[in-house]
Amino acid sequence: MYVYDEYDQRIVEDRVKQFRDQTRRYLAGELSGEEFRPLRLQNGLYIQRYAPMLRVAVPYGLMSSAQVRMMAKIARDYDKGYAHISTRQNVQFNWPELEDVPDILAELATVQMHAIQTSGNCIRNTTTDQFAGVARDEIIDPRPWCEIIRQWSTFHPEFSHLPRKFKIAVNGAASDRAAIEVHDIGLEAVKNEAGELGFRVAVGGGLGRTPIVGSYINEFLPWQHLISYLDAILRVYNRYGRRDNKYKARIKILVKALTPEVFAEKVNAEWAHLKDGPTTLSAEEVHRVADHFVDPAYRELVDLDADLAKLDAEHPGFARWRQRNTVAHKRPGYVAVTLSLKPTGVAPGDVTDKQLDAIADLADRYSFGEVRNSHNQNIILADVEQQQLFPLWGELRELGFATPNVGLLTDIICCPGGDFCSLANAKSIPVAEAIQRRFDDLDYLFDIGDLDLNISGCMNACGHHHVGHIGILGVDKKGQEFYQVSLGGSAGRDASLAQILGPSFAQDDMPDVIEKIIKVYVEQRTDEESFLDTFRRVGVDPFKERVYAANH
Amino acid sequence: MQRIIKNGQIIDETWHLLPKDATLDSLSNCDDYIVPLALWVEHSTALKARDGGLGVWLEAGEEIEEIAADLDNFQVIALNFPAFTDGRHSSTAYLLRTRYGYKGEVRAIGDILRDQLFALKRCGFDAFALRADKDPVDALKAFEDFAEVYQASADEPLPLFRRRA
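Order-wise, the sequence lines are chains A and B.
Residue numbering for the first sequence follows this note's numbering, beginning at 1 and increasing consecutively.
Residue numbering for the second sequence follows this note's numbering, beginning at 1 and increasing consecutively.
Hint data in this document are derived by calculation from the structure and do not stem from the laboratory.
Note that the Cβ used here is the ideal one computed from N, Cα and C, for glycine as well.
Some hints here could point you the wrong way.
What the hints assert, rightly or not - Quick list of simulated restraints, FRET-style, between CB atoms:
(1) B:Ala83 to A:Gly333: 32 to 42 Å
(2) A:Glu261 to B:Asp138: 45 to 55 Å
(3) A:Arg242 to B:Ala22: 27 to 37 Å
(4) A:Arg10 to B:Lys6: 20 to 30 Å
(5) A:Ala28 to B:Ala46: 48 to 58 Å
(6) B:Asp31 to A:Tyr247: 39 to 49 Å
Hey, can you work out the whole structure from these sequences and the hints?
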């Protein structure tokens, strides 16, 4: 993974000093709450329902074991002993004291971490595929490009007060596990006929109040021009994005208002001034960064299909876990393993300090000392030897990470909701838990198959409910917490936005509602048909009829 | 008298910043004025004929393209920030310096606070009229916030990747 040099380290350390002084001035009354607010937000610090929440940046989801141990230490020393993996691959702490935040940042800096631009109206953490570098369907490794974008976006002087937050995602594989079409900018690595690398550029996708799938404005941007082209997009947005209404301030509104074609013309006109200038990326720089992402010291191994099948036969629990929680690796004899942070009864994405320490140890022993956070709020050991899979499974079971539900209905993406977040209209964690309890039969869960169930406690959509096959949105109905259900969303390559089922439901009714929806699917599906495919074939009506049928 | 920051020094203000509704009649011949864009657009000939110094100021939504051909007439171009979180004029300053080659003073006015100065300077501002309740001496410390920066901007034509040792 990327290792800071003296320049990177200096910038992060200067940031600690700067924020320490800003915090001091705020506490001394020299900065008003209003003046401090954008400063602390750009450092990932929210004032929440009970305490501040600090969001630590995990660039493109990648962490070393030393960094994971630091997360454990911070959870122990400054929080209540746990941390939360966010839907943007970051780590959140829900209970730090404001006064402690400068010290937390200083500790983070010792392991090359920070909280820069994890909130606020600026360019946020660039996200990518959690299987980057190991996926079999990968065309190029997106991580060097994410790191190049991270450096470009860190304290960009011109784009530090944008109309609204700005999110970039990069995909380098045939499947899109980074949901690039629902980002402000989505970059897809492509090769042209000559075999040269470029990016297909989408703009104006996003969730939130006005969910939109992005529009492609450039089918092939040669890699050398990535930064100058991003500068051009951001300059057009910074100048012309709406600032009069925060709900219409995202770039998607500008792209829609201008039309993608006119927006693209404006970007190209701006880019014409920048193209081939000093920000043109050099092969040397790309190599310098990419050298940090070369393969680890893989051993020459062979796939152990027969051995693993034998273990499957002897241990049905192992078979189930292997089926759901492991992914094929580009190297023979290796496999990527997802640690499920979604056992029933634990808030999705929460991990304790002890679990984090244990994960760091597992990473050191099984996976070259690195882990990845996924936007599905799980943690991945990407480089596990297949011959180690069985002992690893045993350890994961003891630690509570072996729930065989990755990609299944109970692998719920869920924001912190009204239990923690002051923006939320409704709680989300208890709804997730009630649904997990209802679907506690593993056979049934496996029979239902791939299903993304996403819950957001408000229309800011941190739980990505618009792109859930089943999406749940907390709404306020005359002071009561209600839940709106939508169906048919997808964050993949065939991205689509979910369709609202109808009037919202009380919290207690939610497990019944989800159960009815699943029953309709099970009745209507053809062989091997997924929930999403069935929904796309039969439409919303059968679901609507069942869920809203009068009770007799 | 207001004090402003100019090239990292604190100096006494000598310019008169005219409000948006200012008329030509309110100007003396010899004083230095920063006039609103509308006044310049309407009375450029008369304004050029004066003996005093001339500057123009732009509201956050006013575009630099409108006066791109007139820049030689101004010793100062002031850019107003209705709120420090309104970053539009960061792009304006960048364009003034890099695209239009403007060498005069580019001044940030309005809701200008210490914690924005480092980035604004990078974008091409060389003068800052802090919000009246803020101490410019204290604000000078902001220019030392960071020893290194990643991006190219008006202050540094080369991105860090072309400068790394």
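Which numbered hints does this structure break? 1
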